[in-house]
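Asker: My request is simple: use the sequences and hints to build the entire structure.
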Amino acid sequence: MSFVEMRGLTKRFDGVMVFDSIDLDIEQGEMCVLVGPSGCGKTTLLRSIAGLVQPDAGTLLLAGRDIISLQPKDRGIGMVMQHYALFPNMTIEQNLAFGLQQKRLEKTEIRRRVGAMVELMGLKERAKARPQQLSGGQKQRVALARALVLEPHLLLLDEPMSALDAQIRKRLRDELKRLQRELGFTAVMVTHDQEEALVIGDRIAVMQSGKLAQIGSPHDIYGRPASEAVAAFIGDFNILPPPTIERIFNHRPATSWAVHPEALDIIDPANGNGDAPTTAFETSVIVSGVKLLGAVVRYSLQAGSVPLKMDVLNRPSASLLPIGSAVRIRLHAADIREI
Amino acid sequence: MSRTLRKPILGNPAWLIIGVFVVLQLLPVAAVALNAFATDWNGTVLPSGFTTDWALRIFADPRFDQALVHSLVIAFGATVVSALVTVPAILVGHCYLPLLDRWLGALVILPYAVPGVVLALGLLRIYSGQYGIQLNGTPLILIFGYVPLGASFYYVPIKNNLRAITVKDIIEAGYLVGASDLAIMVRVILPSVLRGLAIGLVMNFTLAISEFVYANLLVGGLYPTLQVFMNVLREGSGRLTSVVVTVYFIIVWALSTAVIAALTERKDKK
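For the record, the sequence lines run as chains A and B. Residue 163 in the numbering used here is what sits at position 163 of the first sequence, and the numbering runs on without skipping anything. Residue 38 in the numbering used here is what sits at position 38 of the second sequence, and the numbering runs on without skipping anything.
Hints are computed from structural coordinates only; laboratory data are not their basis. Among the clues, some could well be false.
[Unchecked claim] Cβ-to-Cβ under 10 Å is the rule here; a few derived chain B residues that face chain A: (1) 159; (2) 160; (3) 164; (4) 168; (5) 169; (6) 170; (7) 171; (8) 172; (9) 173; (10) 174; (11) 175; (12) 177; (13) 188; (14) 192; (15) 194.
Every residue gets a Cβ at the ideal spot worked out from N, C-alpha and C, and that includes glycine.
Answerer: What follows is the structure, encoded as structure tokens:
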């Protein structure tokens with residue numbers, strides 16, 4: 001039996017399906033990331049787990065206990081909201097203590113737990129500050145601390161980094177992952193950022209149009225997308241249907257191919273044609289665009305009328321291919337994902 | 001190079017604009033205060049002399065003491081009763097019944113769309129005992145009469161405070177840490193609207209202590225307030241009326257300062 005078990009969770013608003021027949025198991029100590037495009041139902045599913053939205057059907061077990069009909073306060077679930085929802089009239093310490101006071105804990109115990117959490121989150125110097133005096137990153141840490149100080153069985157995170165700038169996001173997601181490993185809490189996080197999902201998640205559940213399209217490890221989801229839609233959302237794949245493959249590579253497979261941009265190589269004319277056609281496919285392309293993405297260069301290519309994306313490592317010693325130049329590219333058979 | 005925002009006071013149009021506003025706000029008050037202590041003030045910029053005779057005459061008049069006590073009872077009573085009735089309705093409407101809340105906004109300005117005399121007659125009828133409530137001739141009719149009039153003074157500033165916070169998210173965050181609706185209201189939402197509440201309290205108190213039409217029509221000589229007393233003084237010297245106005249201005253100013261300081265002090269501490 002898994003620590004969290006969802007079976008057949010379904011929700012409709014005014015007859016419009018939000019999510020349908022969701023079956024999901026989460027193990028104790030695992031960080032499960034719900035990822036999907038905006039409007040796919042992931043936040044409503046998270047709110048259903050929290051008890052803020054009542055599903056129309058389905059069961060929800062947490063540590064073997066059916067919590068579907070319980071009030072949010074009785075579920076033993078903590079949540080970090082998208083915009084944190086800190087109590088604006090309270091200091092950081094008071095924000096953390098408020099939930100413990102509702103549990104009627106001794107004052108000394110409240111002080112001890114709040115002090116330990118403030119220390120753990122690196123907020124000691126800002127403990128007397130109010131939310132409006134904090135930066136976005138600090139607010140996020142306070143929201144996380146406010147949820148964790150109650151020692152919930154399950155922590156829910158609703159796009160907790162969406163309001164932060166890119167640099168702070170990267171730092172905080174590493175911090176969140178470290179905390180999760182150190183404290184061993186079980187968590188479900190919602191995000192629409194596939195990169196964030198791959199970095200943070202122990203397991204990823206891809207949601208599309210209210211249904212779970214694929215559940216698996218980050219490696220599985222990225223490397224073996226179960227459908228064209230998952231491939232298009234998660235990996236920025238080149239999706240090639242059989243007729244297109246035939247036009248480009250002169251080969252007609254039975255299924256579509258999902259090809260990562262980094263799976264395409266430029267053939268160096270000096271080194272000949274490389275592998276034999278049985279293990280790799282080759283074609284000629286025209287470079288139609290170049291984008292520098294830091295460590296990677298993203299080329300937009302045209303293979304006849306078919307657009308392709310190709311990523312190559314941005315080596316300091318290598319020069320960029322000029323727009324309009326003609327090159328040959330190669331795709332190894334082992335890098336092809338049939339979908 | 002960035003431009004400095006600090007400019008010299010002299011020759012700065014910002015100070016001129018503020019100065020005109022401050023002068024126009026304070027000039028009537030200063031004029032009344034000067035008139036209260038003037039021996040004679042006709043055709044000159046300033047009074048020809050000053051005296052405390054008018055003030056001493058008013059303070060020696062037992063009707064003034066009685067009217068002052070009555071006005072304070074009415075003003076405190078109306079402020080407290082209207083706060084107890086109106087503020088919870090505003091909070092509950094905003095937080096839990098947003099559709100109904102739109103109508104509350106229209107409801108609070110309704111008393112200003114009806115002439116005061118008509119409303120006063122309505123109140124006299126309601127509280128005449130015909131419907132089981134007999135308040136006519138008592139200060140309570142005035143206190144309850146001021147509740148609808150003062151509702152908008154709470155509604156506007158408190159709603160502004162509520163719009164500045166994400167109430168729905170805060171309530172849900174409260175549920176998730178185990179708080180009841182009452183605990184969230186008392187510990188989080190209400191303290192977040194203290195500034196609006198302070199403004200509402202002061203404005204309601206000011207309304208109740210300085211209002212004349214309702215006071216005269218609803219209780220008149222049965223429970224004379226400062227305004228009714230001033231109406232009696234109308235036949236005599238304007239200096240006496242000015243003394244009464246100056247006294248209640250000082251009371252309103254002192255209480256306003258105290259209320260605003262008390263309700264906003266904690267929030268301002270950083």
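Asker: Closer than 10 Å between Cβ atoms is the bar; does residue 160 of chain B clear it against chain A? Give me holds or violated.
Answerer: 14 Å, violated
Asker: Should the hint that residue 159 of chain B touches chain A count as held when the rule is a Cβ pair under 10 Å?
Answerer: 16 Å, violated
Asker: Tell me if the interface restraint on residue 164 of chain B is satisfied: Cβ within less than 10 Å of some Cβ in chain A.
Answerer: Holds - the Cβ of residue 164 of chain B comes within 10 Å of chain A, reaching about 9 Å at its closest.
Asker: Against chain A, is residue 171 of chain B within 10 Å by beta-carbon distance?
Answerer: It holds, given that the least Cβ distance between residue 171 of chain B and chain A is near 9 Å, below 10 Å.
Asker: Minimum Cβ distance from residue 169 of chain B to chain A below 10 Å?
Answerer: 4 Å, holds
Asker: Let me know if the C-beta of residue 177 of chain B comes in closer than 10 Å to any C-beta of chain A, holds or violated.
Answerer: 3 Å, holds
Asker: Just to be careful: measuring from the Cβ of residue 170 of chain B to every Cβ in chain A, is the smallest value less than 10 Å?
Answerer: Hint holds; residue 170 of chain B Cβ to chain A Cβ min 5 Å, cut 10 Å.
Asker: Tell me if the interface restraint on residue 174 of chain B is satisfied: Cβ within less than 10 Å of some Cβ in chain A.
Answerer: 8 Å, holds
Asker: Hey, does the residue 175 of chain B contact hint survive, CB to chain A under 10 Å?
Answerer: 4 Å, holds
Asker: Quick check on the hint: residue 192 of chain B CB to chain A CB, less than 10 Å?
Answerer: 5 Å, holds
Asker: Holds or violated: is there a CB of chain A closer than 10 Å to the CB of residue 188 of chain B?
Answerer: 5 Å, holds
Asker: The hint names residue 194 of chain B as touching chain A; please verify it with the least Cβ-Cβ distance against 10 Å.
Answerer: 8 Å, holds
The structure is inconsistent with the numbered hints 1, 2, although it conforms to all the rest.
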